[in-house]
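Asker: Chain by chain, the residues run as shown.
2 protein chains.
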Amino acid sequence: MIGRVNHIAIAVPDLERAARRYRDVLGARVSAVQELPEHGVRVVFVEAGNTKVELLEPLGDDSPITAFLARNPDGGMHHICYEVTDIVMAVRRLSEEGARVLGDGRPRIGAHGLPVVFLHPKDFDGTLIELEEVKPEFEAS
Amino acid sequence: MIGRVNHIAIAVPDLERAARRYRDVLGARVSAVQELPEHGVRVVFVEAGNTKVELLEPLGDDSPITAFLARNPDGGMHHICYEVTDIVMAVRRLSEEGARVLGDGRPRIGAHGLPVVFLHPKDFDGTLIELEEVKPEFEAS
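Chains as they are written, first to last, in this note's numbering: chain A, -3 to 137; chain B, -3 to 137.
Take the hints with a grain of salt, since some may be wrong.
[Stated by the list, open to error] If you want a taste of the chain A side facing chain B, the calculated C-beta under 8 Å gives, among others: (1) 8; (2) 116; (3) 120.
Hints are computed from structural coordinates only; laboratory data are not their basis.
The beta carbon of each residue, even a glycine, is placed where N, CA and C say it ideally should be.
Make a model of the complete structure from these sequences and hints.
Answerer: Right, here's the structure in full:
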């Protein structure tokens, strides 16, 4: 079911400082800062060849990463996002196996404009998992 | 400097249970359990297409993940490993930029039989980073 690791998300207290470190100390290619007010984050993408790392800083009063940063003021790894080709089927299988989908259990549109769900960290060893529906580049005709 | 994400390591309290969940609930391909007593871990590799996830359970009295699991009894994301082509040069650049390498600062042989260093999480937003020296598959002759 799960495919590629689409990204690894890291919550950071200071996005510009974090981006500088990835660029200057680790020599990575980093994007410009993007603001996603509808998702409550400012984000920088770090290219890692086979996948990407997303550095996230809270934006606004209702950011989904504010509580995480309150518990982890230095920042830390926040979630892993795996690609799936059919998110409705994925959610059905998860529910049959007793794994919990956060929120109302229905996919919503995530920060990349694609349907996503988040899975309960208690069901996956303390790891917050995001599933994102990505259509295969080439489909059988 | 940093290249591909070689793996994402997740510390888990019960390796067999974690492996079953990745296989049965997430539908991933998972390896058999491997014991690495010289590294203080039992490990299962989860294939994710473009990279892999390593599920780690402590092995023996002196495991490097015992303290992490004491702080995070459910488990959690432990580190990200990036590939570098020249670890000695990487360590030199890190030190010039004021980033700290854990231990005596010199590469040691990691769980994959290749030279590795770990970087201080305080220098990278609470994220433990491993660098592993991987020789390019094709070198200019």
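Asker: Holds or violated: is there a CB of chain B closer than 8 Å to the CB of residue 120(A)?
Answerer: 6 Å, holds
Asker: Under the criterion of a CB-CB separation shorter than 8 Å, is residue 116(A) in contact with chain B as hinted?
Answerer: It is violated, given that the least Cβ distance between residue 116(A) and chain B is near 11 Å, above 8 Å.
Asker: Does residue 8(A) meet its interface restraint, that is, does its C-beta lie within less than 8 Å of any C-beta in chain B?
Answerer: For residue 8(A), the interface hint holds, since the closest Cβ of chain B sits about 4 Å away, which is under 8 Å.
Of the numbered hints given earlier, the model fails hint 2 alone.
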